[in-house]
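Asker: Listed below, chain by chain, are the residues.
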Amino acid sequence: MQLVLFFVLALLAVAGAVGVVLSKNAVYSALALLLNFAVLAVFYIMLNAQFLGVVQVIVYAGAIVVLFLFVIMLIGGQLAPDALTAGSRRPARVVALIAGLVALAGLAYGLVSGALAPQTGQVQGSGSVQAIGRVLFTDYLLPFELASVLLLVAMIGAVVLARKPTKS
Amino acid sequence: MPSDYLPILILIVLATVFAIIAMALPAVLGPSRKTKAKLEPYESGMVPYTDARRRFPVQYYVIAVLFILFDIEVIFLYPWAVMLRQLRLFGLIEMAVFLGILLVGYVFVWKKGALEW
Amino acid sequence: MNWIEVFLIPFIKSLVLILALLTGFAYMTYYERKVLARFHVRYGPNRAGPFGLLQPVADAIKAIFKEEIIPAHVDKWVYLAAPVLALIPALIAFAVIPIGPDLNLFGRQVSLYIADVNIGFLYVLAVASVGTYGVILAGWSSNNNYSLLGALRTAAQMVSYELPLGIILVAVVLTTSLATGEGSLSLVGLVQQERPWWVWLWLWVAFPIFFICMLAETNRSPFDLPETENELVAGFQTEYGGIKFALFFMAEYIHMITASAIMATVFFGGWQGPFVDRWPALGILYFVVKVILVLFLFLWVRASVPRVRYDQLMHFCWKFLFPVSLVYLAITAVLVALL
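Chains as they are written, first to last, in the numbering used here: chain A, 1 to 168; chain B, 169 to 285; chain C, 286 to 624.
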């Protein structure tokens, strides 16, 4: 039963991912991405990572795709901005291709070497909010505090990039 | 347990089925007398002369980004909130540092006028 | 695990919940029109059936038999998907709210909630955050100036007010850890928990903030900026008619009912009340009465407060509610950590 559910959902996730790349309309791409994120959330829950599952929905589906849609609307819906047409595309494609191949190679290495092999034996309540809180605020304190610095940098960056022309 | 979530999945499926059936009903039951004027965009009676999909103020983008960042902050608060009773003063200081750093950002954003409309 | 427990009972409960919410929606419109009419010293609907009680039925029949119009300039699939995407979150948000204590029905112990999950509070937030899609997509696909502007405004408003909402809920989670030493995100557990009187008092301090956020989340007056009929016609719903408009309408009202149910659960003890131990069915009655009372607040505010301006709306959220809710959280945290 769980296996059937997994394959149906996996198919949906892949369909969403392919849709992101293939659709001509940026809004459709964002919607396909939304589908992909939603299925990922279900996967997390199936793996007993409830907190991650719901965070996936809140942050990715609820906030990041909304941001994408905003940006798409801000630059005028399906009209492609001039900067992205013709000439400037080729280097971008090469870079994307190389990055994709590197990621694929890393994944293949991880699978072959066994570093990415699934962990056997479940820890009780491993994905619950309480369990995450217990380790995050004791063992992983430094990464947690550093996350706030990351958020701070992003905040400053957004405001500086999007500042209004100074009124004189 | 993942099986706790199965009822939610069932509810989502049922809700979707209901919404789609409701959408389909008038296509079957309703009349169909279309005219050109009915299918035009509504502009309070004026003839529309621009496409609606034009550029919009960047302020909406700023709000969306700030929302994501503070939303992540709020998400971090939940695992902390359930454990605070055990972490006691230590937990309080941890979160004070975390929020303190973010408050710097909040004050910066405010002072830069990014919250103005 | 037999299939009756796993599949049939959740299925029946979901079906009952959806039907109850739809009936609730229908009579919410009636309730609103009657209450507003009384505020205006009018009668409100009183022709269809006794006291106009059949008015919602008449409205539903009308919506179903309307002509299906898909304007020529819209992006058809997104345009049609938007009302559906608006309605689904409204219908599923109720899943984690307990409507009453466990009941003995047909010789079976039946729990009166769809799912008791360990992430109840976050589930509520997640559903709220997904609720913006119906609005954004409706505005974009309609290809109408009013729609797009309304949609952008609504989406920005909804995400902004989600922040103080989430922060207040964190404070509520903090108070749940007072008794057991470990907090819980389950709404079912929240209602069953005994809380000392001063916790209740302190929670009620946050209720106005929470209520204001909920007004904005559900796009209700005085925060009904999405509609602003005197500047944006009907905002993101401008190009929608017939049943598609009805679906948006339904979503708004069911959101309001859900919001009231959340507030009744978090701030007023949900189904708890005197004599519930002896007659568990009373719990449902208490819950419904509490929800109706909170709903009255929505209508009262609508009848009394004029709509705010958009810049005021955003300032109020980012420069007032957000810092205030953080201060509230900080005080709660200090209390919980040190007491």
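A couple of the hints might just be wrong.
[What the hints assert, rightly or not] Computed footprint of chain B on chain A, listed as stretches where at least three residues anywhere in the stretch have a Cβ under 8 Å from a Cβ of chain B:
(1) 44 to 55
(2) 147 to 158
[Said to hold, decoys possible] Computed list of lysine-lysine pairs in DSS-like fashion (alpha-carbon distance at most 25 Å, straight line):
(3) C:Lys361 x C:Lys347
(4) B:Lys279 x C:Lys604
(5) C:Lys351 x C:Lys361
(6) C:Lys604 x B:Lys280
(7) A:Lys24 x C:Lys604
Calculated from the structure, these hints are not laboratory results.
Don't be surprised by glycine CBs; every beta carbon is placed ideally from N, CA and C.
Asker: Now tell me if each hint is right for this structure.
Answerer: Verification of the supplied hints:
1. 44 to 55: holds (count 7)
2. 147 to 158: holds (count 9)
3. C:Lys361 x C:Lys347: holds, 24 Å
4. B:Lys279 x C:Lys604: With Cα atoms ~11 Å apart, Lys279 (chain B) and Lys604 (chain C) stay inside 25 Å; holds.
5. C:Lys351 x C:Lys361: holds, 19 Å
6. C:Lys604 x B:Lys280: holds, 13 Å
7. A:Lys24 x C:Lys604: It is violated: about 40 Å lies between the C-alpha atoms, which goes past 25 Å.
Checked against the numbered hints listed earlier, the structure breaks hint 7 alone; every other hint is satisfied.
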